[in-house]
Amino acid sequence: DAKTTQPPSMDCAEGRAANLPCNHSTISGNEYVYWYRQIHSQGPQYIIHGLKNNETNEMASLIITEDRKSSTLILPHATLRDTAVYYCIVRVAPSITQGGSEKLVFGKGTKLTVNP
Amino acid sequence: EAQVTQNPRYLITVTGKKLTVTCSQNMNHEYMSWYRQDPGLGLRQIYYSMNVEVTDKGDVPEGYKVSRKEKRNFPLILESPSPNQTSLYFCASSASTVGHGYTFGSGTRLTVV
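First to last, the sequence lines map onto chains A and B. Taking my numbering, the leading residue of the first sequence gets 1, the next gets one more, and so forth. Taking my numbering, the leading residue of the second sequence gets 117, the next gets one more, and so forth.
In case anyone wonders, no lab produced these hints; they're calculated from the structure. Virtual Cβ for every residue (Gly too), placed ideally from N, Cα, C. Any given hint could turn out to be false.
To be verified - Here are the in silico distance ranges between beta carbons for each label pair:
hint, chain 1, residue 1, chain 2, residue 2, range
1, A, GLU14, B, SER183, 41 to 49 angstroms
2, B, LEU157, A, PRO7, 14 to 22 angstroms
3, B, THR227, A, ILE39, 17 to 25 angstroms
4, B, ASP175, A, LYS111, 19 to 27 angstroms
5, A, ASN19, B, THR121, 47 to 55 angstroms
6, B, ASP175, A, PRO7, 19 to 27 angstroms
7, A, PRO7, B, ASN142, 34 to 42 angstroms
8, A, THR79, B, GLY156, 24 to 32 angstroms
9, B, PRO199, A, PRO21, 31 to 39 angstroms
10, B, PRO199, A, LYS52, 41 to 49 angstroms
11, B, ALA118, A, ASN53, 23 to 31 angstroms
12, A, ASP67, B, LYS134, 49 to 57 angstroms
13, A, GLU14, B, THR138, 37 to 45 angstroms
14, A, ASN115, B, SER198, 38 to 46 angstroms
Unchecked claim - Listed below are the simulated EDC-like cross-link pairs for lysine to aspartate or glutamate, each with C-alpha atoms no more than 16 angstroms apart in a straight line:
hint, chain 1, residue 1, chain 2, residue 2
15, A, LYS52, A, ASP67
16, B, LYS134, B, GLU178
17, A, LYS3, B, ASP175
18, A, LYS108, B, ASP154
19, B, LYS181, B, GLU169
20, B, LYS185, B, ASP172
21, B, LYS185, B, GLU146
22, B, LYS187, B, ASP175
23, B, LYS134, B, GLU195
24, A, LYS103, B, GLU195
25, A, LYS111, A, ASP82
26, B, LYS185, B, GLU169
27, A, LYS111, A, GLU31
28, A, LYS103, B, GLU146
29, A, LYS108, B, ASP175
30, B, LYS181, B, GLU195
31, A, LYS69, A, GLU31
32, A, LYS103, B, ASP175
Said to hold, decoys possible - Residues of chain B placed beyond 12 angstroms of chain A at every Cβ, according to the derived structure:
hint, residue
33, GLY132
34, LYS133
35, ARG160
36, VAL168
37, GLY174
38, GLU195
39, SER196
40, GLN201
Turn these sequences into a full structure, and let the hints steer you where they fit.
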């Protein structure tokens, strides 16, 4: 089972911020939160990841709550091309997985539709 | 260009005829993984590899084999394909250090009749 819970769908107006929530209440101290998106049936695309601090890159911002039990992916100015399924997953920090696992469980994600 | 290359992109085959889907990455990544995607079931991990000669099962390994003889290649082998293996398959790779997500290939759409 996925370690994360996301709403199945969301809508957003073009030009507005899209805020996609994710619950990961059983996250461990050495697990990062990663976000990916999949446009139609293309290969998923990495967006951003974080451990406990908020992160920002050219694509999005990631806000992680202080207790790390939930996070929000923010697309600051959504465009029609941001319409996709967004996946939130947790992953043990790769540098400490020696003897560990890269077994990753994707949930069903959130289908974001950006409307004109 | 940094990429994960899967071949073929589309394949129609018959039940029981062994096939291999190739996956190659040019980023010197240690980690590689195979997923299948089916309507309503999302992405499910088949096998993953954390380095050459190191592979392990994901959530749905039955009916599949993998090998990692070289760092860049991670082929997916279906020894005796069945119709329930009709699916969209993705290969992905990642560096073994913090700060990297997985790079996915473009997918292989397999139909077993």
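Checked hints:
Judged by the Cβ atoms, the range 41 to 49 angstroms given for A:GLU14 and B:SER183 holds: they are separated by roughly 46 angstroms. Separation of B:LEU157 from A:PRO7 is about 18 angstroms and conforms to the stated range, judged on CB atoms against 14 to 22 angstroms. Between B:THR227 and A:ILE39 the beta carbon distance is about 22 angstroms. The supplied range of 17 to 25 angstroms therefore holds. For B:ASP175 and A:LYS111, the Cβ-Cβ distance of about 22 angstroms falls inside the hinted range of 19 to 27 angstroms, so the restraint holds.
Checking the proposed 47 to 55 angstroms range against A:ASN19 and B:THR121 shows it is violated: the Cβ atoms sit about 35 angstroms from each other. About 23 angstroms separates the C-beta atoms of B:ASP175 and A:PRO7, a value consistent with the hinted range of 19 to 27 angstroms. At roughly 37 angstroms, the beta-carbon separation of A:PRO7 and B:ASN142 lies within the given 34 to 42 angstroms, and the hint holds. Checking the proposed 24 to 32 angstroms range against A:THR79 and B:GLY156 shows it holds: the Cβ atoms sit about 28 angstroms from each other.
Under the hint 31 to 39 angstroms, the C-beta atoms of B:PRO199 and A:PRO21, about 38 angstroms apart, fit the expected range. With their beta carbons about 46 angstroms apart, B:PRO199 and A:LYS52 fall inside the hinted range of 41 to 49 angstroms. Taken as a hint, the range 23 to 31 angstroms holds for the pair B:ALA118 and A:ASN53, whose Cβ atoms sit roughly 27 angstroms apart. Checked against the hint of 49 to 57 angstroms, the pair A:ASP67 and B:LYS134 passes, with Cβ atoms roughly 50 angstroms apart.
Against the hinted window of 37 to 45 angstroms, the Cβ-Cβ separation of A:GLU14 and B:THR138 comes to about 40 angstroms, which satisfies the hint. The hinted range of 38 to 46 angstroms is satisfied by A:ASN115 and B:SER198, whose Cβ atoms lie roughly 41 angstroms apart. Note on A:LYS52 and A:ASP67: the hinted pairing holds, with a Cα-Cα distance of about 9 angstroms set against a maximum of 16 angstroms. With a C-alpha separation of about 15 angstroms, the suggested pairing of B:LYS134 with B:GLU178 holds against the 16 angstroms cut-off.
Straight-line distance between C-alpha atoms of A:LYS3 and B:ASP175 comes to about 14 angstroms, which keeps the hinted pair within the 16 angstroms bound. Note on A:LYS108 and B:ASP154: the hinted pairing holds, with a Cα-Cα distance of about 11 angstroms set against a maximum of 16 angstroms. Proposed proximity of B:LYS181 and B:GLU169 is supported: the alpha carbons are some 13 angstroms apart, at most 16 angstroms. The straight-line distance between the Cα atoms of B:LYS185 and B:ASP172 is roughly 14 angstroms, inside the 16 angstroms bound, and the hint therefore holds.
About 12 angstroms separates the Cα atoms of B:LYS185 and B:GLU146, which keeps this hinted pair within 16 angstroms; it holds. Annotation: proposed proximity of B:LYS187 to B:ASP175 is violated, straight-line Cα distance about 23 angstroms (limit 16 angstroms). Of the supplied pair hints, the one linking B:LYS134 and B:GLU195 holds, its CA atoms being roughly 5 angstroms apart against a limit of 16 angstroms. The hinted pair formed by A:LYS103 and B:GLU195 fails the criterion: a straight-line CA distance of about 23 angstroms is larger than 16 angstroms.
A distance of roughly 10 angstroms separates the Cα atoms of A:LYS111 and A:ASP82; the hinted pair therefore holds under the 16 angstroms criterion. A threshold of 16 angstroms between alpha carbons decides the hint, and for B:LYS185 with B:GLU169 the separation of about 6 angstroms falls inside it, so the pair holds. For the suggested pair A:LYS111 and A:GLU31, the alpha carbons sit about 24 angstroms apart, so the restraint of at most 16 angstroms is broken. A hinted pair counts as satisfied when its Cα atoms are at most 16 angstroms apart, and A:LYS103 with B:GLU146 qualifies at roughly 14 angstroms.
Simply put, A:LYS108 and B:ASP175 have alpha-carbon atoms about 15 angstroms apart, close enough for the 16 angstroms limit, and the pair holds. For the proposed pair B:LYS181 and B:GLU195, the alpha carbon gap of about 8 angstroms is at most 16 angstroms, so the pair holds. Among the hinted pairs, A:LYS69 with A:GLU31 is consistent with the structure: their alpha-carbon atoms are about 11 angstroms apart, no more than 16 angstroms. With a C-alpha separation of about 8 angstroms, the suggested pair A:LYS103 and B:ASP175 falls inside the 16 angstroms cut-off, and the hint holds.
Interface exclusion of B:GLY132 from chain A stands, the closest Cβ pair being 27 angstroms apart, more than 12 angstroms. The Cβ of B:LYS133 sits about 25 angstroms from the closest Cβ of chain A, beyond the 12 angstroms cut-off, so the non-interface label holds. Interface exclusion of B:ARG160 from chain A breaks down, the closest Cβ pair being 7 angstroms apart, not more than 12 angstroms. Distance to chain A confirms B:VAL168 as a non-interface residue, since its nearest Cβ pair spans about 14 angstroms, more than 12 angstroms.
Against chain A, the non-interface label of B:GLY174 is violated: not every CB pair exceeds 12 angstroms, the least being about 6 angstroms. Listed as outside the interface, B:GLU195 is consistent with that label: its C-beta sits roughly 23 angstroms from the nearest C-beta of chain A, beyond the 12 angstroms cut-off. Distance to chain A confirms B:SER196 as a non-interface residue, since its nearest Cβ pair spans about 25 angstroms, more than 12 angstroms. The beta carbon of B:GLN201 is kept farther than 12 angstroms from every beta carbon of chain A, the shortest such distance being approximately 17 angstroms.
Checked against the numbered hints given earlier, this structure breaks hints 5, 22, 24, 27, 35 and 37; the rest are met.
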